[in-house]
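Line by line, the protein sequences give chains H and Y.
For the first sequence, the working numbering begins at 99 and goes up steadily by one.
For the second sequence, the working numbering begins at -2 and goes up steadily by one.
Errors might be hidden in some of the hints.
[Said to hold, decoys possible] Capping the alpha-carbon separation at 20 Å, the derived lysine to aspartate or glutamate pairs in EDC-like fashion look like this:
#: 1; chain 1: H; residue 1: LYS162; chain 2: Y; residue 2: GLU35
#: 2; chain 1: Y; residue 1: LYS71; chain 2: Y; residue 2: GLU98
#: 3; chain 1: Y; residue 1: LYS142; chain 2: Y; residue 2: GLU100
#: 4; chain 1: Y; residue 1: LYS71; chain 2: Y; residue 2: ASP112
#: 5; chain 1: Y; residue 1: LYS108; chain 2: Y; residue 2: ASP154
#: 6; chain 1: Y; residue 1: LYS(-1); chain 2: H; residue 2: ASP155
#: 7; chain 1: H; residue 1: LYS162; chain 2: Y; residue 2: GLU129
#: 8; chain 1: Y; residue 1: LYS108; chain 2: Y; residue 2: GLU129
#: 9; chain 1: Y; residue 1: LYS142; chain 2: Y; residue 2: ASP154
#: 10; chain 1: Y; residue 1: LYS71; chain 2: Y; residue 2: ASP45
#: 11; chain 1: Y; residue 1: LYS71; chain 2: Y; residue 2: GLU35
#: 12; chain 1: Y; residue 1: LYS108; chain 2: H; residue 2: GLU135
#: 13; chain 1: Y; residue 1: LYS142; chain 2: Y; residue 2: GLU129
#: 14; chain 1: H; residue 1: LYS162; chain 2: H; residue 2: ASP151
#: 15; chain 1: Y; residue 1: LYS142; chain 2: Y; residue 2: GLU128
#: 16; chain 1: Y; residue 1: LYS(-1); chain 2: Y; residue 2: ASP27
#: 17; chain 1: H; residue 1: LYS162; chain 2: Y; residue 2: GLU128
#: 18; chain 1: Y; residue 1: LYS(-1); chain 2: H; residue 2: GLU135
#: 19; chain 1: Y; residue 1: LYS108; chain 2: Y; residue 2: ASP45
#: 20; chain 1: Y; residue 1: LYS142; chain 2: H; residue 2: ASP161
#: 21; chain 1: Y; residue 1: LYS(-1); chain 2: Y; residue 2: GLU35
Worth flagging that the hints you see were computed from the coordinates, not collected in a lab.
Chain by chain, the residues:
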Amino acid sequence: MKRKPVRRGASSMNKAEFGPVHSEATLGREIQTKIGEQLRAMYDDVVGQGVPDRFVDLLRRLDKQDDGERQ
Amino acid sequence: MKIDPSVRDAVLAAVPSLRAFAISLSGNVDRADDLVQETLLRALANIDSFQPGTNMSAWLFTILRNLFRSEYRKRRREVEDGDGSYAETLKSQPEQSSRVEFEEFRTALAKLPPDQREALILVGASGFSYEEAAEICGCAVGTIKSRVNRARSRLADLLSIESADDFGPDRATRAVLVES
């Protein structure tokens, strides 16, 4: 069982003592930027693989069926 | 079937993004490629219903999205009277998909409800506007916006990001180290 961290009393919650913290909104934006970057990196990795041969072949086969060259 | 060369070129040009969409949706490369193939077959069989001058890519995305969703519904029905084998399939999917450095992200993405996942991918990665994404998913623009927002905040929770520094080059570096 994890123990709940002891919270500081509100009176000792002095901003200065925590140094330069990001505001929640700024932090939220930064996190969202990172998520966006990860999503695009993962996506673009696949886009960069181009067109696999099976799809070029598929279209060629479909096209040929019309010429009676069904294979 | 006679395929107009301009149609063929447009379809082929859309394949890389269709695959990226399908892999992001399904988390499985083989299943994604089957989805793309089915999408191309349907598109070419119904090419007359495509309105020239409109966005070919959005049209193809719509077909793929609908195929994925009907397959998903079918699988879910199987799960409901099944034995948890679909959960096993889901669990094994991240391993089957490509790169280890994206695995953590992909696993988190797979945990999102499909409507949030597709909205996030369309807007955040495929580069569609909220309006286009709404058209592809057959819902209101406001619905897409709220799904994207919920997807983002859920992902932040799932990836237990406490600060932006927790989630960046360091993680990527660790992933590379694991890989080598």
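Structure-based check of all given hints:
no.	hint	verdict
1	H:LYS162 <-> Y:GLU35	18 Å, holds
2	Y:LYS71 <-> Y:GLU98	31 Å, violated
3	Y:LYS142 <-> Y:GLU100	26 Å, violated
4	Y:LYS71 <-> Y:ASP112	16 Å, holds
5	Y:LYS108 <-> Y:ASP154	11 Å, holds
6	Y:LYS(-1) <-> H:ASP155	15 Å, holds
7	H:LYS162 <-> Y:GLU129	34 Å, violated
8	Y:LYS108 <-> Y:GLU129	24 Å, violated
9	Y:LYS142 <-> Y:ASP154	19 Å, holds
10	Y:LYS71 <-> Y:ASP45	28 Å, violated
11	Y:LYS71 <-> Y:GLU35	16 Å, holds
12	Y:LYS108 <-> H:GLU135	19 Å, holds
13	Y:LYS142 <-> Y:GLU129	12 Å, holds
14	H:LYS162 <-> H:ASP151	16 Å, holds
15	Y:LYS142 <-> Y:GLU128	10 Å, holds
16	Y:LYS(-1) <-> Y:ASP27	28 Å, violated
17	H:LYS162 <-> Y:GLU128	38 Å, violated
18	Y:LYS(-1) <-> H:GLU135	41 Å, violated
19	Y:LYS108 <-> Y:ASP45	37 Å, violated
20	Y:LYS142 <-> H:ASP161	40 Å, violated
21	Y:LYS(-1) <-> Y:GLU35	18 Å, holds
This entry does not satisfy hints 2, 3, 7, 8, 10, 16, 17, 18, 19, 20, going by the numbered hints stated previously.
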